[in-house]
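Novice: Going by full-length UniProt numbering, 379 is the number at position 379 of the sequence shown; the sequence numbering is gapless.
Keep in mind that a hint or two might mislead.
Computed Cβ-Cβ distance ranges for the label pairs, DEER-style [stated by the list, open to error]:
(1) Gly-77 with Lys-327: 28 to 38 Å
(2) Asp-17 with Asp-78: 32 to 42 Å
(3) Ala-356 with Gln-63: 44 to 54 Å
(4) Ala-356 with Asn-238: 47 to 57 Å
(5) Asp-78 with Glu-36: 18 to 28 Å
(6) Glu-269 with Lys-350: 17 to 27 Å
(7) Glu-79 with Asp-3: 24 to 34 Å
Below, computed lysine-lysine pairings styled on DSS-like, alpha-carbon distance capped at 30 Å [stated by the list, open to error]:
(8) Lys-303 with Lys-260
(9) Lys-160 with Lys-170
(10) Lys-327 with Lys-304
The set of hints was computed from the structure by calculation and includes no laboratory data. No residue lacks a Cβ here, since even glycine has one placed at the ideal position from N, Cα and C.
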Amino acid sequence: MIDFKAEVLKIKDQMIDDIKMLCAIPSTQDDSTVAEFAPYGAANRRALDAMLEIGRRDGFEVQDVDGHAGHIDIGTGDETFGILGHLDVVPVNKVGWDSDPFEVITKEGKLYGRGVADDKGPLMAGYYAAKIINSLNIPTKMKTRVIFGCNEELGSNCVKYYFTKMPYPKMGFTPDAAFPVVYGEKAGCGFEITGHVEKGGLIYLCAGSRPNIVPETCEAVIEGNYKQYTESYKKFLNTNNLTGDIEEEGNHTKLILKGKSAHASTPEEGINAVVYLCKYLATVVDNKVVDFVLEYLDDCHGKKLGIDHTGLMGPLTLNLGVISYYKEEVKIVLDLRCPHDMDFDAMVTKFKHACANYEFRETHDLGNALYIDPNSKLITNLHEAYVSVTGDTVNKPQAIGGGTYAKSMPNCVAFGAEFLGEDNLIHGNNENIKIDSLLKATEIYCHALYNLIKAD
1 MIDFKAEVLK
11 IKDQMIDDIK
21 MLCAIPSTQD
31 DSTVAEFAPY
41 GAANRRALDA
51 MLEIGRRDGF
61 EVQDVDGHAG
71 HIDIGTGDET
81 FGILGHLDVV
91 PVNKVGWDSD
101 PFEVITKEGK
111 LYGRGVADDK
121 GPLMAGYYAA
131 KIINSLNIPT
141 KMKTRVIFGC
151 NEELGSNCVK
161 YYFTKMPYPK
171 MGFTPDAAFP
181 VVYGEKAGCG
191 FEITGHVEKG
201 GLIYLCAGSR
211 PNIVPETCEA
221 VIEGNYKQYT
231 ESYKKFLNTN
241 NLTGDIEEEG
251 NHTKLILKGK
261 SAHASTPEEG
271 INAVVYLCKY
281 LATVVDNKVV
291 DFVLEYLDDC
301 HGKKLGIDHT
311 GLMGPLTLNL
321 GVISYYKEEV
331 KIVLDLRCPH
341 DMDFDAMVTK
351 FKHACANYEF
361 RETHDLGNAL
371 YIDPNSKLIT
381 NLHEAYVSVT
391 GDTVNKPQAI
401 GGGTYAKSMP
411 NCVAFGAEFL
421 GEDNLIHGNN
431 ENIKIDSLLK
441 ATEIYCHALY
451 NLIKAD
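Taking the hints into account, I'd like the entire structure generated from these sequences.
Specialist: Written out as structure tokens, the structure reads:
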């Protein structure tokens, strides 16, 4: 048997250098810099160019698909195996980082930087695994096509466009979740709630930049001098083990509350700053936005809306990701992850009823769930590769709340690269990945490709 661990160690330094180079590019979508062949902004275009250049450097054929996505073809074969990863990253709040998020550092055996775990690091692990298979001259029935997009964090329109121009691979995986292997992904459903609400003492309320992130900070401006609120607000923060601030804002008072960010698929791992600030606001203002949040959205599983459901994929999750209240107009954006076996029509009906109670309007976008038979050839071979490297026979294929590129093509699943028991702080401050885990993931991907693409 080929010693893939030894092969991975040979490419370790170059792979880490490539990851550092890619992560130095702040590829957060910026609509203000959109241009022809840069549909997601200038920085994302730079990241795409950098990845294409890596492929050219290594002597492989590359393809740029109008700036939406690209691919690198490695090896030969009549059919194609796909590895799909993304080059875009979520925004950063540099205040909460211990180092520059776009200058990768190595500390205590870990790489720190935005994108090292989501998803530039894992993408490079998949790329280098394909390179290793190719370098060993292993006869293959499928070539490997490494596909990379620039809009995964904001809807995956990149790969949707890509597959209007390019054929689907026969099968594939995306290294954008967790091991052992993911056979199911909940449906991502978005709700936007709007309406007119009289002040009732609340002038301004704002939090969140993306619906798929638990808001870490929430700010509000309320009527009245800040001195009358100082004692009660500090007591509220202390009682709930929270941090925040209170400031004079002209003749009014500005309140700031700090929570904890997390991915919308696991909102229970975060502390939603909106919900907690509304709990305080309810004691000092009379405003229907605050009331609506506390009556219906103060629960990350939808129980207060009556839409909670636990199915084969686990429980429904609800994240209040964005809120904006200004000049008596409110907009609330929610991110739900829904099991495939729930009643979606009933969920929408209950949302409409809740909004009607407050004379709010709602619009929604219901996504599709992904489910692949855990006993399929793809799942069993990927799981076998994981077990062969880790020796872990206890943890089985799983379903997740996160949505990945796996939904963009048939016969594709998420496979790594986060290991059980590790927290890479994806979407959070100080995002990181253990170097040993990155190398282990690359080794697993080598075994997976060997199992699935080698000639019979």
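Novice: Each of the hints needs a verdict: does it hold here or not?
Specialist: Hint check results:
1. Judged by the Cβ atoms, the range 28 to 38 Å given for Gly-77 and Lys-327 is violated: they are separated by roughly 60 Å.
2. Checked against the hint of 32 to 42 Å, the C-beta distance between Asp-17 and Asp-78 comes to roughly 34 Å, which is consistent with it.
3. At about 50 Å, the CB distance of Ala-356 to Gln-63 agrees with the hint of 44 to 54 Å.
4. Taking the beta carbon of each, Ala-356 and Asn-238 are about 38 Å apart, not inside 47 to 57 Å as hinted.
5. For the hinted restraint 18 to 28 Å between Asp-78 and Glu-36, the CB-CB distance of approximately 35 Å leaves it violated.
6. A C-beta distance of roughly 25 Å is found between Glu-269 and Lys-350, which places it inside the suggested range of 17 to 27 Å.
7. Our hint of 24 to 34 Å for Glu-79 and Asp-3 holds, since their Cβ atoms are close to 27 Å apart.
8. Restraint check for Lys-303 and Lys-260: satisfied, since their Cα atoms lie roughly 22 Å apart, inside the 30 Å limit.
9. About 17 Å separates the Cα atoms of Lys-160 and Lys-170, which keeps this hinted pair within 30 Å; it holds.
10. Proposed proximity of Lys-327 and Lys-304 is supported: the alpha carbons are some 28 Å apart, at most 30 Å.
Hints 1, 4 and 5, counting from the list given before, are not met by this structure.
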